[in-house]
Amino acid sequence: EPEVTQTPSHQVTQMGQEVILRCVPISNHLYFYWYRQILGQKVEFLVSFYNNEISEKSEIFDDQFSVERPDGSNFTLKIRSTKLEDSAMYFCASSAQGGSSYNEQFFGPGTRLTVL
Amino acid sequence: KQEVTQIPAALSVPEGENLVLNCSFTDSAIYNLQWFRQDPGKGLTSLLLIQSSQREQTSGRLNASLDKSSGRSTLYIAASQPGDSATYLCAVRKFTGANSKLTFGKGITLSVRP
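If you read the sequences in order, they're chains P and L.
All residue numbers in the first sequence are consecutive under the numbering used here, ending with 116.
All residue numbers in the second sequence are consecutive under the numbering used here, ending with 1114.
Derived from the structure by calculation, the hints contain no laboratory data.
Glycine residues also receive a C-beta, built at the ideal position from the N, C-alpha and C atoms.
Heads up, some of the hints might be wrong.
Partner residues are not named here, just some residues of chain L that face chain P (Cβ under 10 Å, in silico) [claimed, not checked]:
| no. | residue |
| --- | --- |
| 1 | Q1034 |
| 2 | G1041 |
| 3 | T1045 |
| 4 | L1049 |
| 5 | K1101 |
| 6 | G1107 |
From chain P, some residues computed to sit far from chain L (all C-beta separations above 10 Å) [stated by the list, open to error]:
| no. | residue |
| --- | --- |
| 7 | Q64 |
| 8 | T76 |
| 9 | L116 |
Straight-line Cα separation of at most 25 Å, DSS-like style, residue types lysine-lysine; simulated pairs [to be verified]:
| no. | chain 1 | residue 1 | chain 2 | residue 2 |
| --- | --- | --- | --- | --- |
| 10 | L | K1094 | P | K57 |
| 11 | L | K1106 | L | K1001 |
| 12 | P | K57 | P | K78 |
| 13 | P | K42 | P | K83 |
| 14 | P | K42 | P | K78 |
| 15 | P | K42 | P | K57 |
| 16 | L | K1042 | P | K78 |
| 17 | L | K1106 | L | K1068 |
| 18 | P | K57 | P | K83 |
| 19 | L | K1106 | P | K83 |
| 20 | P | K42 | L | K1042 |
| 21 | L | K1094 | L | K1001 |
| 22 | L | K1042 | L | K1106 |
| 23 | L | K1094 | L | K1106 |
| 24 | P | K42 | L | K1001 |
| 25 | P | K42 | L | K1068 |
| 26 | P | K57 | L | K1106 |
| 27 | P | K42 | L | K1106 |
| 28 | L | K1001 | P | K57 |
| 29 | L | K1068 | L | K1094 |
| 30 | P | K42 | L | K1094 |
| 31 | P | K83 | L | K1042 |
| 32 | L | K1068 | L | K1001 |
Chain L with its partners taken away, still in its complex shape (with noise of 0.2 Å):
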């Protein structure tokens, strides 16, 4: 059975900081990784998704990478700034399907400090 962690639960940071955040999971067989951002009380936006056969993918100031073979991916913020306060989860598709279901960890909250 797939679990996803992600480590620390909590993050604050200094605005301007860059940071990483981690994500993990157990079985290396997936389809592809969706990292989400979810604002409190609020739904999910997709950030970034990276196919199994992809190292990284980028947007603006994020950057995900994927290293299926030891079951990590990693979020890098760039510049951090306060509008980046969030919970941040990471997700994974097995690879028995295109269209299977997502499994997702708890999700890492980041608070970016003026």
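Only chain P is shown next, with the shape it has when bound in the complex (with noise of 0.2 Å):
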């Protein structure tokens, strides 16, 4: 069955430095999003993408956050200076569009991002 994979598994980074998380969404779908959840809080949803630009973002994708498709298959997340608070697991989601899957989101396993 096609799912959502990510990587790496688990990123351990210092303050300050740049990361890319990365993502391979499901091969037919259109619609893609990054969300996290801090160790012990809910999910939060960070960003949402279609047809190569950001159509909704919440007010934690600030300026340190950027998303791209660099390519036909992967969907990435650049925090450009993290910070402690950034210490969260990062998760990858993609829908199609419409029909019976009525835009189901799929996810991926996540990426533990740690800043020291």
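With the hints in hand, could you dock these two chains into one complex?
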């Protein structure tokens, strides 16, 4: 069964460093999302992406964050200068357009980001 | 602003018991609602999706119902097993766009005792 994949599974970085989290969405999906979950907290929406542009973003998604679909398969989240409070599990998700799927979002296994 | 609440935060039941997990949301203008399972340190597995026009969905021992007007959904698990132990999250998508964001509850951590 097709699935969303994410790499790396765990990333450790120093405060102030740039990180890029990578995702490969399900191949025929058109809508892509990033969410994060701080330990013990709710899963929070960061950004959605469609047709090579951001369609929606939250207050969390400030100028330090950016997303890109550099080729036909990858979807990346870049954090320009990491802060301690960016430590969280980051989930990528994708959905198809309409039809019987009702735009169900499928999630990847997550990347655990630890900022020291 | 949509708020999703799941109470209680944790639940422990003996194996074989039928159980109901509750989810409530403040804004009834939703497009759909998804129930997810999350194992410790792992990703989110979609269990069931209910469109706003539907009343319930079933998959195996799981049944999810939706009462949009009262802002409630329940996930019914029949004949619980130790392998059902996990955190169960509900999430709603607002009506402004079919591909708009999901808003999550904090989840209910279920422990099924052998």
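Evaluation of the provided hints:
Look at L/Q1034: its Cβ gets to within about 7 Å of chain P, closer than 10 Å, so that hint holds up. Contact between L/G1041 and chain P, as hinted, is supported at the beta carbon level, the nearest pair being about 8 Å apart and thus within 10 Å. With a least beta-carbon distance of about 8 Å to chain P, the hint placing L/T1045 at the interface is held under the 10 Å criterion. Look at L/L1049: its Cβ gets to within about 5 Å of chain P, closer than 10 Å, so that hint holds up.
Look at L/K1101: its Cβ gets to within about 4 Å of chain P, closer than 10 Å, so that hint holds up. This hint holds: L/G1107 has a C-beta 8 Å from the nearest C-beta of chain P, less than the 10 Å allowed. Taking the minimum C-beta to C-beta distance to chain L, about 19 Å, the non-interface status of P/Q64 holds against the 10 Å cut. A cut-off of 10 Å between C-beta atoms confirms that P/T76 is not in contact with chain L; the least separation is 18 Å.
Taking the minimum C-beta to C-beta distance to chain L, about 19 Å, the non-interface status of P/L116 holds against the 10 Å cut. Between L/K1094 and P/K57, the direct Cα distance comes to roughly 14 Å. Compliance with the 25 Å bound is thereby established for this hinted pair. For a cut-off of 25 Å, the pair hint linking L/K1106 to L/K1001 stands: about 16 Å separates their Cα positions. At most 25 Å may separate the alpha-carbon atoms for a hinted pair to count; P/K57 and P/K78 meet this at roughly 14 Å.
For a cut-off of 25 Å, the pair hint linking P/K42 to P/K83 stands: about 19 Å separates their Cα positions. A distance of roughly 21 Å separates the Cα atoms of P/K42 and P/K78; the hinted pair therefore holds under the 25 Å criterion. Taking the CA atoms of P/K42 and P/K57, the gap is near 17 Å; set against the 25 Å cutoff, the hint holds. Between L/K1042 and P/K78, the direct Cα distance comes to roughly 21 Å. Compliance with the 25 Å bound is thereby established for this hinted pair.
The hinted pair formed by L/K1106 and L/K1068 meets the criterion: a straight-line CA distance of about 20 Å does not exceed 25 Å. For the hint pairing P/K57 with P/K83, the CA-to-CA distance comes to about 19 Å; that is within 25 Å, so the pair holds. A threshold of 25 Å between alpha carbons decides the hint, and for L/K1106 with P/K83 the separation of about 24 Å falls inside it, so the pair holds. Only pairs whose Cα atoms come within 25 Å are accepted, and P/K42 paired with L/K1042 is accepted, the gap being roughly 14 Å.
For a cut-off of 25 Å, the pair hint linking L/K1094 to L/K1001 stands: about 10 Å separates their Cα positions. A hinted pair counts as satisfied when its Cα atoms are at most 25 Å apart, and L/K1042 with L/K1106 qualifies at roughly 15 Å. Of the pairs offered as hints, the one joining L/K1094 and L/K1106 holds, with about 18 Å between alpha carbons and a cut-off of 25 Å not exceeded. Simply put, P/K42 and L/K1001 have alpha-carbon atoms about 15 Å apart, close enough for the 25 Å limit, and the pair holds.
Our distance criterion of 25 Å between C-alpha atoms is met by P/K42 and L/K1068, whose separation comes to about 22 Å. The straight-line distance between the Cα atoms of P/K57 and L/K1106 is roughly 20 Å, inside the 25 Å bound, and the hint therefore holds. At most 25 Å may separate the alpha-carbon atoms for a hinted pair to count; P/K42 and L/K1106 meet this at roughly 5 Å. Distance check on the hinted pair: L/K1001 and P/K57 sit about 15 Å apart at the alpha-carbon level, within 25 Å; holds.
Taken as a hint, the L/K1068 and L/K1094 pair is honoured in the structure, with Cα atoms around 12 Å apart against an allowance of 25 Å. Restraint check for P/K42 and L/K1094: the C-alpha separation of about 17 Å stays at or below 25 Å, so the hint holds. Restraint check for P/K83 and L/K1042: the C-alpha separation of about 23 Å stays at or below 25 Å, so the hint holds. The suggested pairing of L/K1068 with L/K1001 holds, with an alpha-carbon distance near 16 Å, which does not exceed 25 Å.
Hint violations for this structure: none, all hints satisfied.
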